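Protein chains in written order, with the numbering used here: chain A, 765 to 878; chain B, 20 to 132.
A hint or two may mislead.
[As the list claims (entries may be wrong)] Label-pair restraints from in silico Cβ distances:
| # | chain 1 | residue 1 | chain 2 | residue 2 | range |
| --- | --- | --- | --- | --- | --- |
| 1 | B | Arg74 | A | Ala825 | 29 to 39 Å |
| 2 | A | Glu779 | B | Arg74 | 45 to 55 Å |
| 3 | B | Tyr95 | A | Ala845 | 38 to 48 Å |
| 4 | B | Pro132 | A | Gln820 | 38 to 48 Å |
| 5 | B | Val32 | A | Ser771 | 33 to 43 Å |
| 6 | A | Ser831 | B | Lys20 | 28 to 38 Å |
| 7 | A | Glu779 | B | Pro59 | 22 to 32 Å |
| 8 | B | Tyr95 | A | Asn864 | 19 to 29 Å |
[To be verified] Below, computed lysine-lysine pairings styled on DSS-like, alpha-carbon distance capped at 30 Å:
| # | chain 1 | residue 1 | chain 2 | residue 2 |
| --- | --- | --- | --- | --- |
| 9 | B | Lys20 | B | Lys87 |
| 10 | B | Lys119 | B | Lys61 |
| 11 | A | Lys821 | B | Lys20 |
| 12 | A | Lys847 | B | Lys119 |
| 13 | B | Lys61 | A | Lys773 |
| 14 | A | Lys773 | A | Lys847 |
| 15 | A | Lys847 | B | Lys61 |
Hints listed in this document are in silico derivations from the structure and should not be mistaken for laboratory results. If you're wondering where the values come from, they're calculated on a predicted model, not measured in any experiment. No residue lacks a Cβ here, since even glycine has one placed at the ideal position from N, Cα and C.
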Amino acid sequence: DGGITQSPKYLFRKEGQNVTLSCEQNLNHDAMYWYRQDPGQGLRLIYYSQIVNDFQKGDIAEGYSVSREKKESFPLTVTSAQKNPTAFYLCASSITLRSNQPQHFGDGTRLSIL
Amino acid sequence: KQEVTQIPAALSVPEGENLVLNCSFTDSAIYNLQWFRQDPGKGLTSLLLIQSSQREQTSGRLNASLDKSSGRSTLYIAASQPGDSATYLCAVPIYNQGGKLIFGQGTELSVKP
Numbered sequence: 765d766g767g768i769t770q771s772p773k774y775l776f777r778k779e780g781q782n783v784t785l786s787c788e789q790n791l792n793h794d795a796m797y798w799y800r801q802d803p804g805q806g807l808r809l810i811y812y813s814q815i816v817n818d819f820q821k822g823d824i825a826e827g828y829s830v831s832r833e834k835k836e837s838f839p840l841t842v843t844s845a846q847k848n849p850t851a852f853y854l855c856a857s858s859i860t861l862r863s864n865q866p867q868h869f870g871d872g873t874r875l876s877i878l
Numbered sequence: 020k021q022e023v024t025q026i027p028a029a030l031s032v033p034e035g036e037n038l039v040l041n042c043s044f045t046d047s048a049i050y051n052l053q054w055f056r057q058d059p060g061k062g063l064t065s066l067l068l069i070q071s072s073q074r075e076q077t078s079g080r081l082n083a084s085l086d087k088s089s090g091r092s093t094l095y096i097a098a099s100q101p102g103d104s105a106t107y108l109c110a111v112p113i114y115n116q117g118g119k120l121i122f123g124q125g126t127e128l129s130v131k132p
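Starting from the given sequences, assemble the full structure and let the hints guide the process.
Right under this line is the structure:
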């Protein structure tokens, strides 16, 4: 089945450590997104990419980095500069970056601090 | 700046009841509005997407309406079932900024048997 796969489902980070969250899609979508979800605050956009080798900052990009070397993959690195990384991270994709296309979501990665 | 609000934050109803979830947005210049369902610890499942030119979209027991002029959308669920228990989120894309979505905080629905 086509869809978005996020891994791992749970991730723990030590102080000063960088961690990378994986997002893979087999929907042949050009656009991909990373959101962060905190309790009571809804989803906020971290980064998005409209095409391979291109990505743009969202509202809360500080302390995060991404790459888009392949159409299918959009990994998110949570760096040690992100002081409050504990959250639920969701990856999404859409056919293009045009606003009238629906976004499809993965099942998320829950990141916690050790 | 676009803001999306969902009221109430939580709702509990008995099985079989018809119910309405509300979503309001401050900037009426939207391309579309999307309703999602989120089960605990899971990602989002797209339920309905209403284009700005449409007033309603239906899928099974779900009906979503859109009134751009008043900045409101409603999600109507007919004959609710315990399996409908989840958090429902609405979202609108930022005008002219690609697929960047602005989400409401969600309504947590509980349908009691």
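Hints, verified against the model:
1. B:Arg74 <-> A:Ala825: 29 to 39 Å: Holds: the Cβ-Cβ distance is about 36 Å, inside 29 to 39 Å.
2. A:Glu779 <-> B:Arg74: 45 to 55 Å: 52 Å, holds
3. B:Tyr95 <-> A:Ala845: 38 to 48 Å: With Cβ atoms ~45 Å apart, the hint holds.
4. B:Pro132 <-> A:Gln820: 38 to 48 Å: 46 Å, holds
5. B:Val32 <-> A:Ser771: 33 to 43 Å: 36 Å, holds
6. A:Ser831 <-> B:Lys20: 28 to 38 Å: Between serine 831 (chain A) and lysine 20 (chain B), where Cβ atoms are some 29 Å apart, the hint holds.
7. A:Glu779 <-> B:Pro59: 22 to 32 Å: Holds, at about 29 Å.
8. B:Tyr95 <-> A:Asn864: 19 to 29 Å: Since tyrosine 95 (chain B) and asparagine 864 (chain A) have Cβ atoms about 23 Å apart, the given range 19 to 29 Å holds.
9. B:Lys20 <-> B:Lys87: OK: lysine 20 (chain B) and lysine 87 (chain B) at ~16 Å, within 30 Å.
10. B:Lys119 <-> B:Lys61: Measuring from Cα to Cα gives roughly 21 Å; hence the hint holds.
11. A:Lys821 <-> B:Lys20: At roughly 17 Å apart (the allowed maximum being 30 Å), lysine 20 (chain B) and lysine 821 (chain A) satisfy the hint.
12. A:Lys847 <-> B:Lys119: 24 Å, holds
13. B:Lys61 <-> A:Lys773: Measuring from Cα to Cα gives roughly 10 Å; hence the hint holds.
14. A:Lys773 <-> A:Lys847: 21 Å, holds
15. A:Lys847 <-> B:Lys61: 24 Å, holds
Hint compliance for this structure: no hint is broken.
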